[in-house]
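Trainee: Sequence:
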Amino acid sequence: MKNLTAGALIAGSTMLSPIAAFAQTEVQFWHAFTGRLGELVAVQVEDFNASQDDFTVVASFKGNYSETLNAGIAAFRAGEQPEILMVFEVGTATMMSAKGAVRSVTEVMEASGAAFDPDAYIGSVKGYYTSTDGEMLSLPFNASTPVLWVNRDAFEDAGVDPDTDLSTWQNVGEVLGQLKEGGSTCPLTTAWQSWIQLENFSAYHDVPFATQANGFAGVDTELAFNGPAQVAHIAAMGEWAQDGKFIYAGRRNEGGANFRAGECALFTESSAGYAGIKAEAEFDFDVRPLPYWEGVGNSPQNTIIGGASLWVMEGHEEDEYEGAAQFLAYLSSSDVQEQWHKDTGYLPITTAAADATRESGFYEENLGTEVAVIQMTTNEPTENSKGLRLGSFDQIRTIIDEELEAVWAGDKDAQAALDSAVMRGDQLLRRFEAAN
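The sequence shown lines up with residues 1 to 436 when you count with the numbering used here.
Among the hints, erroneous ones may be present.
Listed below are the simulated SDA-like cross-link pairs for lysine to any residue, each with C-alpha atoms no more than 25 angstroms apart in a straight line [said to hold, decoys possible]:
1. 180 <-> 254
2. 278 <-> 254
3. 278 <-> 371
4. 412 <-> 239
5. 386 <-> 95
6. 99 <-> 74
7. 342 <-> 45
8. 99 <-> 78
9. 99 <-> 70
10. 62 <-> 75
11. 278 <-> 296
12. 278 <-> 258
13. 386 <-> 370
14. 62 <-> 110
Rather than coming from a laboratory, the hints here were simulated on the basis of the structure.
Generate coordinates for the entire structure from the input sequences, incorporating the hints supplied.
Mentor: In structure tokens, the structure reads:
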């Protein structure tokens, strides 16, 4: 148990100093945010700490998403785990399989008596982190979904109407040619290629990424993203890469710097790119829905979330769990979620926060900021579009990245690359199944 005491025993005396009786329970919160997002999280922590006298949340940056997950695992093995750990969505199956390492949010909140209503959370967000029997395992925190960002100035510079219809990939393909002919050196770039161009592509077109309801129905799942729809999309992007219409910048969000600097006309990226783009872009931009291939699958269905949730770790004292619960309740409150959504572009995780944002006039004053919410909530999710729950998914993404890079470089065709990614990824899934 970790307590912050405001006083100490007076040397040589058995009497406590007047303020020693006052103690605050410390709650460690490990996260993966730097830059503007890190600043906003720091404000949330400061506000919570100032709002009450019983608990002190200590926030610590532990690296990118993968590094933060690995730090949490290593800390648990050493008996030094935090109370709250941020884990990106692809780590969900790994955390679920960590028996004895985590305590469900439902259990923590109900035991504490903190404000908690599972039905208050948006279904397409909550479902990602909920067990098949309805227990919320972790708290959705920074939930986002991919959208299309448009540099309006770059369009005008290339002589292309910035208000042109970009709802389908067929239309985007035509526009990419016009942009290149107009002098654009970066008609299109992307962030998080696996998440956007395969994982969300599959959900948006209502085709399976994996069997067993994308892993929700069991660990004996097999990858299925080498189907006709995915192959055709990756093949088209491969052609655009060879023609200089799609510029590959990196596996994570390296393309964000290119777009924010005004170099690229179109950018497929998280809705949470809003904070950085708004702060840095010196050009007019807008937000459009993620494009879909007209006539393919059941498109447009719904996109799925990215980002992270907050997991409560085992091995702590009850007063520390009380503090964790109160902090999670604070983060879920409508006022906090509304401001977080407005500042970052992350989705509001509760219906009340979404309604409050709409009623405040924010969407009318900031056109396009509601795109992600509409894209996620218009249609009821299907087995193919509820989300993904795959073991060893971080490593599988690395395999996908390697194979996609071979397509962009012209070293493999789309079918061969995706077949290879499925075969290699299935080997990891079988090992995960055997271990769980």
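Trainee: Confirm or reject each hint.
Mentor: These are the hints, each one checked on the structure:
{"no.": "1", "hint": "180 <-> 254", "result": "holds (21 angstroms)"}
{"no.": "2", "hint": "278 <-> 254", "result": "holds (17 angstroms)"}
{"no.": "3", "hint": "278 <-> 371", "result": "holds (16 angstroms)"}
{"no.": "4", "hint": "412 <-> 239", "result": "holds (12 angstroms)"}
{"no.": "5", "hint": "386 <-> 95", "result": "holds (18 angstroms)"}
{"no.": "6", "hint": "99 <-> 74", "result": "holds (15 angstroms)"}
{"no.": "7", "hint": "342 <-> 45", "result": "holds (18 angstroms)"}
{"no.": "8", "hint": "99 <-> 78", "result": "holds (16 angstroms)"}
{"no.": "9", "hint": "99 <-> 70", "result": "holds (16 angstroms)"}
{"no.": "10", "hint": "62 <-> 75", "result": "holds (11 angstroms)"}
{"no.": "11", "hint": "278 <-> 296", "result": "violated (33 angstroms)"}
{"no.": "12", "hint": "278 <-> 258", "result": "holds (14 angstroms)"}
{"no.": "13", "hint": "386 <-> 370", "result": "holds (20 angstroms)"}
{"no.": "14", "hint": "62 <-> 110", "result": "violated (29 angstroms)"}
The structure fails hints 11 and 14 (numbered hints given earlier, in ascending order).
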